[in-house]
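> Below, each chain spelled out in residue letters.
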Amino acid sequence: MKGLQDARAMLKTAAPDLQAVAAAPARWQDYVLLLKPRVMSLVIFTALTGLFCADVPLNPVLAATAILCIAVGAGASGALNMWFDADIDRLMRRTRGRPVPAGRVQGADALAMGITLSLFSVGIMGLAVNLLAAALLAFTIFFYAVVYTMWLKRATPQNIVIGGLAGALPPAVGWAAASGAAPLNAWLLVAIIFFWTPPHFWALSLTTHDDYERAGVPMLPVTNGEPATRLQILIYSLILVPLALAPAFTGLGGPIYLAIAALGGAGFLALAAKLFQGKARADAKRLFGFSILYLFLLFAALLGEHVAGVHPLALLR
Amino acid sequence: MSDPNDEAEAFRKARRGRNIAILIGLLGFVILVFIVTLTRLGGNAAATGF
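First to last, the protein sequences are chains W and B.
This note's numbering numbers the first residue of the first sequence as 1 and each following residue consecutively.
This note's numbering numbers the first residue of the second sequence as 1 and each following residue consecutively.
Because the hints were derived from the structure by calculation, they are not lab data.
Quick caveat, the model's predicted, so the values are computed rather than measured.
Among the hints, a few may not be true.
To be verified - Pairwise CB distance ranges (calculated):
#	chain 1	residue 1	chain 2	residue 2	range
1	W	W151	B	F29	27 to 35 Å
2	B	L23	W	G97	23 to 31 Å
3	W	V32	B	T37	21 to 29 Å
4	B	I24	W	F142	27 to 35 Å
5	W	A246	B	R12	51 to 59 Å
6	W	A135	B	G42	18 to 26 Å
7	W	L263	B	I24	40 to 48 Å
Every residue, glycine too, gets a C-beta built ideally from N, C-alpha and C.
Pulled out of the complex, with its shape left as it was, chain W reads as follows (with noise of 0.2 Å):
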């Protein structure tokens, strides 16, 4: 850790060089990409799906409403993230193209720009939907911003885990908006993703660490190496996949999903088994992207069974 921390002494010391170089001026684009629309768009679909879950009729305009108001906190706290974030992101590859690293947006208007939305966002999900569904957008924008992008990023290891917690809140964000309330299949949603984590990031990070260690991001790659990162996401992959195949027993998911939980739950153990015995990169990334299509086919089906009106629930009644 002594090294990492002379990398990101010496650089810190740079920076002020790399933020005198002239940057082309901010156009509108710069200000969406503040907002990470590719986060913002997996945001929306599991909030879509805890939408649809709650099986309980809502009028289309305040259900859009709910929508917005999740996609646009979210990107709100995208923004909070890129403004405390900026030095560690100008440190690396993946990051420093970002809008304020590149020096293309001041910090101080991303800041602006991350509480107003994040004002607005929860104003009017309070007033136009539900309070509760305002106070669980706001706890998940301030475990985002402050908790995981303030504290916990640069403070520990187990940072990925914790902060996971933001990205997976979204579908209980969404089921408290179409029925106010937040039951244990809302929870049970939350978990999936909670579990479907600390793989995902771990397995992305093991391609990437390098970037990390410069940054002086605590990532278990770096603090811990890489076998014990490849022990971790077999270890959480175990508990994921069983926890996947639980809706299906509790009423929310019918055989489509359970068929998509099954299998996709058996290869990602395999990719996961792979990674553990093997050292090659290749199989970090095959499991990355791997969990991105597993995740999605999950909730996609939870969302056509439900739209369609043939899980479990609704034909018991």
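Guided by the hints, dock chain B onto chain W, whose structure is given.
Relative to chain W, chain B alone:
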């Protein structure tokens, strides 16, 4: 060396794009609040006393 006129033009173009984006955002917000208000009031608006 880049031409200062080109830089000034690029700056003006970027600022114009940002201003239009803000205008669209604000108009969108006003329309959203209007539609949500009508939806929340629903059919009860006429029946509710002031």
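> Does each hint hold? Answer for all of them.
Results for each hint:
For the pair W151(W) and F29(B), the beta carbons lie near 32 Å from each other, so the given range of 27 to 35 Å is met. A beta carbon spacing of about 28 Å between L23(B) and G97(W) agrees with the range 23 to 31 Å that was offered as a hint. A hinted range of 21 to 29 Å for the beta carbons of V32(W) and T37(B) is consistent with their spacing of about 28 Å. Range check, I24(B) to F142(W): Cβ separation about 28 Å, and the 27 to 35 Å hint holds.
Separated by about 57 Å at the C-beta atoms, A246(W) and R12(B) satisfy the suggested range of 51 to 59 Å. Checking the proposed 18 to 26 Å range against A135(W) and G42(B) shows it holds: the Cβ atoms sit about 24 Å from each other. The supplied range of 40 to 48 Å is met by L263(W) and I24(B), whose beta-carbon atoms lie about 44 Å from each other.
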